Amino acid sequence: MALSVFYSSVSGNTEMKKQQQRIFDVLQSKKIDFEAVDISQESENKDLMRRIAGDPTALPPQICKGDSYCGNFTAFESAIEAEALEEFLKL
Numbered sequence: 005m006a007l008s009v010f011y012s013s014v015s016g017n018t019e020m021k022k023q024q025q026r027i028f029d030v031l032q033s034k035k036i037d038f039e040a041v042d043i044s045q046e047s048e049n050k051d052l053m054r055r056i057a058g059d060p061t062a063l064p065p066q067i068c069k070g071d072s073y074c075g076n077f078t079a080f081e082s083a084i085e086a087e088a089l090e091e092f093l094k095l
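For this note's numbering, add 4 to where a residue sits in the sequence shown, where the first one is 1.
A couple of the hints might just be wrong.
Below, in silico cross-link-like pairs of lysine-lysine (DSS-like), each with a Cα-Cα straight-line distance of 27 Å or less [as the list claims (entries may be wrong)]:
#, residue 1, residue 2
1, K34, K22
2, K34, K69
3, K94, K34
4, K21, K50
5, K69, K22
6, K35, K21
7, K21, K34
8, K35, K94
Hints listed in this document are in silico derivations from the structure and should not be mistaken for laboratory results.
As the structure is a prediction and not an experimental result, all values here were calculated from the model.
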């Protein structure tokens with residue numbers, strides 16, 4: 005079951021871009037394999053992200069493992085602070 009990070013490559017929102025990059029940087033630095041899923045390329049990806057998140061208005065970045073929702077950027081940062089990243093990512 006793969007870890008997926010839903011993101012948007014097309015966004016004028018600087019804060020969103022920073023959040024997405026922070027997630028990518030942390031996962032890469034910890035050598036955690038993940039799939040980056042660009043919701044701006046296919047609407048099915050956006051629909052999937054929102055279905056898994058259980059929120060019809062969810063915006064990227066969102067993190068999930070298979071069909072199991074892990075959380076958004078705020079939850080990701082909280083997990084890092086609590087030194088519980090692996091549990092958060094369901095690894």
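Which hints, by number, does the structure contradict? Of the numbered hints, all hold.
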